[in-house]
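Chains as they are written, first to last, in my numbering: chain A, 1 to 321; chain P, 1 to 320; chain B, 1 to 520.
Do not take every clue at face value.
[Claimed, not checked] Now the in silico label distances, taken between C-beta atoms and shown as ranges:
hint: 1; chain 1: B; residue 1: N372; chain 2: A; residue 2: T104; range: 15 to 21 Å
hint: 2; chain 1: A; residue 1: V139; chain 2: B; residue 2: V40; range: 30 to 36 Å
hint: 3; chain 1: A; residue 1: D33; chain 2: B; residue 2: K8; range: 52 to 58 Å
hint: 4; chain 1: B; residue 1: L241; chain 2: A; residue 2: T104; range: 17 to 23 Å
hint: 5; chain 1: B; residue 1: G352; chain 2: A; residue 2: S103; range: 34 to 40 Å
hint: 6; chain 1: B; residue 1: N372; chain 2: A; residue 2: G130; range: 44 to 50 Å
hint: 7; chain 1: B; residue 1: M270; chain 2: A; residue 2: R118; range: 43 to 49 Å
hint: 8; chain 1: B; residue 1: K36; chain 2: A; residue 2: T110; range: 23 to 29 Å
hint: 9; chain 1: B; residue 1: V40; chain 2: A; residue 2: T104; range: 40 to 46 Å
[To be verified] Calculated pairs, SDA-like style, for lysine to any residue (alpha carbon to alpha carbon, straight line, at most 20 Å):
hint: 10; chain 1: A; residue 1: K181; chain 2: P; residue 2: Q46
hint: 11; chain 1: P; residue 1: K158; chain 2: B; residue 2: V416
hint: 12; chain 1: B; residue 1: K386; chain 2: B; residue 2: A35
hint: 13; chain 1: B; residue 1: K246; chain 2: A; residue 2: L101
hint: 14; chain 1: B; residue 1: K246; chain 2: A; residue 2: R98
Honestly, the hints are just simulated from the structure, not real lab data.
Computed from a prediction, not measured in an experiment: that's the story for all the values here.
We put the beta carbon where it would ideally sit given N, CA and C, even for glycine.
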Amino acid sequence: MTDPDHQPSRTRVPMPIAALSDPHMGDAAKDPDRTEKIIGLVLFLSIVFFAVAGAAYWQNWSPWTFGGALGAGLFALGFGLTAWGKYLMPQGPFVEERHTLASTPEERDTMSAALVERSAVVVKRRKMLGGLFAAGATVFGIVAAFPLIRSLGPLPGTSLETTGWRRGMVLVDSSGRPVRKDTLVVGGIMTVYPKDTVSPQTGFISDQGQAVDQTVLIRVSDQPFTTEPGRENWTPDGYVAYSKLCTHLGCPVGLYEQELELLVCPCHQSMFNVRNGAVPQFGPAPRPLPQMYLGYNDDGYLIAMAPYNQPVGPGFWERNS
Amino acid sequence: MTSRFLLPAGLLSVAALASLAMFFPGTLAGASGHADATQISITPGQVTTRACGTVNVKGVTGAVTNAGNPFLSSSKTCLNGHLISYGNTAITYSNPPRAFVSAGRLLFAQTCSSCHGSQANGVNPQGQATIGPNLQGVGAATVDFWVSTGRMPATDVKAVEAERKASRLTPVQALELAAWVNSLDPAVPAVPNPHLGQASQSVGADLFSLNCAACHTIEGSGDALAFGTNAPSLQNRDVTAQQVAEAVRTGPANMPRFSGNLSDAQVADITAYVTEKLQHPQNPGGAGLGGVGPVAEGFVALLIGVGGLALICFWIGERS
Amino acid sequence: MSTTAPTKRSRKEALGPYGRVGQAVGELDDRLGVAKGGRVFLDKIFPDHWSFMLGEISLYSFVVLLATGVFLSLYFVPSTQQVVYHGSYKPLDGQWVSEAYKSTVGISFDVRGGLLIRQMHHWAADIFTGSIIVHMARIFFTGAFRKPRELNWIIGTTMLVLAILEGFIGYSLPDDLISGTGLRIGYSIAESIPFVGSYLVTFLWGGQFPGTGVIIPRFFIIHVLIIPLVLIGLLSAHLGLLVRQKHTQFKGEGRTENNVVGSPMFPTFMAKTTGFLFMVTAATALLGAFAQINPIWQFGSYDASKISYAVQPDWYMGWLDGALRIMPSWELAFWGHTVPLEVFLPAVVFPGIVFTIAALWPAIEHAYTGDNELHNLLDRPRDRPKRTAFGVAFFAMLFTLFAASSTDVLANFFHVSLNQVLWFFRFAFFIVPIICGLVAYQLCREMQGVHGIGKRKRAVIVERSAEGEYSTVQAAPRPDDEHEELDPEPVPVRIDIEPLNNGGIRQPESSPTGARQVSR
Chain A
1 MTDPDHQPSR TRVPMPIAAL SDPHMGDAAK DPDRTEKIIG LVLFLSIVFF AVAGAAYWQN
61 WSPWTFGGAL GAGLFALGFG LTAWGKYLMP QGPFVEERHT LASTPEERDT MSAALVERSA
121 VVVKRRKMLG GLFAAGATVF GIVAAFPLIR SLGPLPGTSL ETTGWRRGMV LVDSSGRPVR
181 KDTLVVGGIM TVYPKDTVSP QTGFISDQGQ AVDQTVLIRV SDQPFTTEPG RENWTPDGYV
241 AYSKLCTHLG CPVGLYEQEL ELLVCPCHQS MFNVRNGAVP QFGPAPRPLP QMYLGYNDDG
301 YLIAMAPYNQ PVGPGFWERN S
Chain P
1 MTSRFLLPAG LLSVAALASL AMFFPGTLAG ASGHADATQI SITPGQVTTR ACGTVNVKGV
61 TGAVTNAGNP FLSSSKTCLN GHLISYGNTA ITYSNPPRAF VSAGRLLFAQ TCSSCHGSQA
121 NGVNPQGQAT IGPNLQGVGA ATVDFWVSTG RMPATDVKAV EAERKASRLT PVQALELAAW
181 VNSLDPAVPA VPNPHLGQAS QSVGADLFSL NCAACHTIEG SGDALAFGTN APSLQNRDVT
241 AQQVAEAVRT GPANMPRFSG NLSDAQVADI TAYVTEKLQH PQNPGGAGLG GVGPVAEGFV
301 ALLIGVGGLA LICFWIGERS
Chain B
1 MSTTAPTKRS RKEALGPYGR VGQAVGELDD RLGVAKGGRV FLDKIFPDHW SFMLGEISLY
61 SFVVLLATGV FLSLYFVPST QQVVYHGSYK PLDGQWVSEA YKSTVGISFD VRGGLLIRQM
121 HHWAADIFTG SIIVHMARIF FTGAFRKPRE LNWIIGTTML VLAILEGFIG YSLPDDLISG
181 TGLRIGYSIA ESIPFVGSYL VTFLWGGQFP GTGVIIPRFF IIHVLIIPLV LIGLLSAHLG
241 LLVRQKHTQF KGEGRTENNV VGSPMFPTFM AKTTGFLFMV TAATALLGAF AQINPIWQFG
301 SYDASKISYA VQPDWYMGWL DGALRIMPSW ELAFWGHTVP LEVFLPAVVF PGIVFTIAAL
361 WPAIEHAYTG DNELHNLLDR PRDRPKRTAF GVAFFAMLFT LFAASSTDVL ANFFHVSLNQ
421 VLWFFRFAFF IVPIICGLVA YQLCREMQGV HGIGKRKRAV IVERSAEGEY STVQAAPRPD
481 DEHEELDPEP VPVRIDIEPL NNGGIRQPES SPTGARQVSR
């Protein structure tokens with residue numbers, strides 16, 4: 001299918017013998033001069049845009065003028081060069097033969113023979129040396145892993161299973177203020193930490209306190225209630241406290257719906273009912289949020305009567321659930 | 001021939017059935033633990049003084065100064081046995097004028113009594129519970145919030161939550177209703193007027209991210225919560241400073257009620273952050289892409305970025 | 001020859017027929033022997049199909065990442081030390097933030113051009129991973145991974161995994177609220193691995209979360225040095241294999257398994273590809289200038305007890321977030337141990353399976369087809385319906401998971417209960433890929449049977465004779481068209497003025513020239 005009036009034939013010409021006069025080496029554009037003018041204009045525009053970008057930077061104009069001019073200039077530059085390549089450079093089509101990747105069967109046999117015969121030196125004649133070297137290298141690999149891996153950090157020990165809460169610790173908010181009996185009215189919620197985690201440097205809660213000890217305190221009613229059998233006096237005056245770490249992936253469960261009495265984790269929408277011990281009733285969380293045994297101290301502040309009775313947060317291999 | 005279509009048709013019908021379930025509200029969403037909406041359980045407590053009369057303080061904290069309790073605030077004004085106003089430099093709470101009470105009673109009878117009972121106590125003349133809850137003892141701020149945001153009067157009583165809409169009643173009418181409801185059982189908080197001049201956006205941002213972002217998102221765009229409930233958008237410029245303070249102090253619908261854990265100064269800081277910053281997002285980086293975050297960014301990167309560049313490839317290369 | 005001082009002409013003559021360029025080639029060749037190989041290199045032929053340029057999008061966005069990344073690394077402080085922020089952004093003034101966060105806000109507001117470069121870097125990262133996937137899809141659907149290119153496919157899959165990891169680590173560096181939450185989730189996912197999980201996390205982070213603050217400096221060096229080095233190495237191998245094995249090409253006129261047809265390296269391909277480099281950079285610059293991305297100043301510094309709602313990770317991690325949301329809450333607890341399947345399965349096992357299948361696909365297909373031949377010609381997707389259907393189903397599954405990561409946004413937008421949306425996705429995860437795969441299979445089979453599908457028909461010119469009679473004639477073929485010679489559609493008779501025998505069409509005098517059979 002050829003049309004001599006229009007384009008060079010689409011027969012392939014091997015590249016090396018194509019002379020400059022060959023139609024394959026000519027321009028692909030219908031009107032090369034006009035195309036050249038257009039490309040030239042575009043390239044000139046790129047210079048203008050770059051100048052604008054430079055001025056925008058120097059004069060500290062709004063950020064989008066600098067970026068916009070830079071982008072427009074780059075686009076014009078790229079467009080010009082690409083159009084030049086597409087319309088004014090030889091398109092061909094040219095052909096190149098693929099050389100066979102594979103070697104000849106004789107060469108392959110020679111290679112395999114060399115490998116087999118020379119490795120026989122080790123395998124058949126010096127077996128013990130080969131084995132000893134392999135053993136030495138393996139032991140080195142094992143020993144080298146120690147500084148590379150073991151020195152990175154501490155062993156987990158029991159650190160994943162305990163929090164900073166101890167019996168008698170006062171609950172404080174993020175500014176260090178303790179909680180009294182009527183700090184919250186029914187329907188109120190706040191995040192509390194152990195008083196001892198207030199950082200002397202910042203006056204705020206330490207990283208560890210925020211991350212692990214964080215507890216959500218909710219005033220569900222003005223009367224004590226029982227979340228689960230055996231926890232009869234855990235909710236003085238209707239205050240209930242749960243670990244704020246979601247048992248799914250450790251996000252803070254800060255979303256509380258007052259009328260539904262539902263804690264919702266914002267990350268993957270696990271839902272915990274606060275009346276019945278924060279048992280998950282929807283979503284991917286597997287276990288209830290650990291509940292804190294609350295009480296009052298002599299000053300009238302809310303305190304933890306005991307540490308959490310189980311590890312907080314997501315599950316892990318050593319967790320005895 | 002037909003067996004080729006059996007499997008796809010079967011799968012399609014299962015898919016259709018599953019997605020149909022989406023459109024029948026409540027089929028898969030059993031809300032448990034839903035508290036009875038006709039009773040508002042708040043800590044019993046009243047303070048009676050000769051100057052201020054009897055004020056129901058169940059809704060505010062009795063322990064912390066300058067946290068919305070009139071009897072623990074920097075200044076309090078009472079007259080003839082009625083609480084007029086109280087507060088401090090951060091927020092001034094005031095009850096609507098006494099003159100609004102009679103207008104409020106008429107307005108309530110016309111607009112609200114069908115759902116809340118003629119005495120606003122959630123009981124109809126036959127003695128049965130009405131759809132709307134008992135409003136006695138909720139305080140002026142609560143009534144003003146629900147009416148001025150247009151949530152009340154409710155137009156769809158079957159909806160899970162009343163949504164914000166253009167209010168049928170004027171702001172003055174909202175205060176009239178508040179005045180009358182409050183007169184039945186005077187309560188606090190009264191209608192707050194935050195003074196944002198001294199408020200700190202920076203402190204407000206910090207408090208917002210700890211207390212509010214979990215429901216309203218860090219940019220205040222709001223989102224769907226459990227079982228058909230939702231946290232509304234705070235970027236909506238119809239949300240006034242007064243409404244923000246009212247919502248924080250009264251905890252409407254599923255929103256928690258913030259009392260002693262936030263001082264008035266802190267509430268003013270949060271209000272300033274919401275009304276000055278969140279409602280006027282400056283996006284120095286360019287178009288905000290809806291503030292939805294990485295999902296929108298991903299679409300732009302894939303469709304406009306990769307897609308646009310693929311179109312350029314289409315121009316450069318051959319198509320055969 | 002001449003005893004006089006060398007003239008201009010004699011100096012020119014001494015240079016030889018190719019002038020200074022020839023002299024330079026000679027000097028280089030004396031030392032490096034580059035002339036012969038260089039000529040071959042300049043003559044290399046590149047097939048011109050547009051879909052072969054998708055890999056270049058990845059390559060050039062990687063270049064943009066390197067360049068902008070160097071800039072950013074000169075300002076970023078990789079430390080979680082808490083400091084008080086005093087800078088241009090007023091709503092943060094006086095707050096305690098980490099050094100990493102403060103330096104990133106500083107880049108955005110206090111370094112001229114910093115926000116643009118930061119946004120370019122992030123947009124380029126999204127485009128980088130997106131274009132890798134589009135490129136891999138092209139390779140997959142055209143069968144370019146077959147012998148002898150299996151190794152290149154494996155290298156490419158490895159680069160995809162590294163790119164995703166690099167992106168996750170990169171956007172976690174500023175230590176803002178959103179990405180910090182993602183890191184907390186990452187900690188929990190690693191923790192969920194049986195036997196080694198708790199050791200892995202306490203080693204990497206330096207203890208129980210948040211550790212001793214070493215994670216950000218470690219991530220910094222991984223992001224800036226280790227992964228880029230590995231990527232550059234793999235990229236060099238990837239391109240080297242491409243040069244050695246030569247590019248594949250579609251079937252067509254004059255194209256065989258033993259040649260490459262296209263345009264030459266110098267000057268054509270070099271011009272086009274360098275121009276494309278500028279255009280990719282332009283795309284990231286324009287996006288960086290006009291579209292805001294990752295506005296960390298709005299989020300605040302990371303605090304482990306704070307959280308925002310409606311948070312999703314960057315798009316290339318979205319499929320994992322969706323998998324985590326729809327997974328039921330199954331947890332194994334036995335004999336004093338716990339295996340949190342609701343985390344381990346969707347976040348560790350599932351991506352492991354996905355990437356293993358992806359990496360081993362050449363072997364899987366080889367086991368199925370038993371095909372041991374070298375392939376340098378590409379399939380059209382419709383030629384391999386089962387492979388295409390599997391690929392479509394695979395992508396449909398990933399897209400469904402990606403959509404599942406926005407359950408709350410979708411529930412809000414469509415005013416449907418969040419719980420119902422989640423249940424919908426639990427079903428859709430299975431049903432959507434199956435349906436998409438079956439539909440794709442059917443489409444392929446049907447497209448195979450249609451003569452000339454996808455080709456342009458020749459244009460038809462309507463002519464009006466002096467008597468007022470309309471007739472149609474086929475237009476001349478367009479120069480670049482490889483289109484079919486099809487029978488022209490008859491023009492329907494609208495007004496029955498003079499019923500003519502053949503419905504008013506004047507058949508062209510001669511049959512269309514050069515009719516070709518389409519090669520299947």
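The hints, checked one at a time:
1. B:N372 / A:T104: 15 to 21 Å: The hint (15 to 21 Å, Cβ to Cβ) holds, given that N372 of chain B and T104 of chain A are roughly 19 Å apart.
2. A:V139 / B:V40: 30 to 36 Å: Hint violated: Cβ distance 48 Å, outside 30 to 36 Å.
3. A:D33 / B:K8: 52 to 58 Å: 34 Å, violated
4. B:L241 / A:T104: 17 to 23 Å: 22 Å, holds
5. B:G352 / A:S103: 34 to 40 Å: At 37 Å between Cβs, range holds.
6. B:N372 / A:G130: 44 to 50 Å: 34 Å, violated
7. B:M270 / A:R118: 43 to 49 Å: Once the Cβ atoms are compared, 44 Å apart, the range 43 to 49 Å for R118 of chain A and M270 of chain B holds.
8. B:K36 / A:T110: 23 to 29 Å: 26 Å, holds
9. B:V40 / A:T104: 40 to 46 Å: 21 Å, violated
10. A:K181 / P:Q46: 17 Å, holds
11. P:K158 / B:V416: 14 Å, holds
12. B:K386 / B:A35: 47 Å, violated
13. B:K246 / A:L101: Between K246 of chain B and L101 of chain A the Cα gap is close to 10 Å, so the pair holds against 20 Å.
14. B:K246 / A:R98: 8 Å, holds
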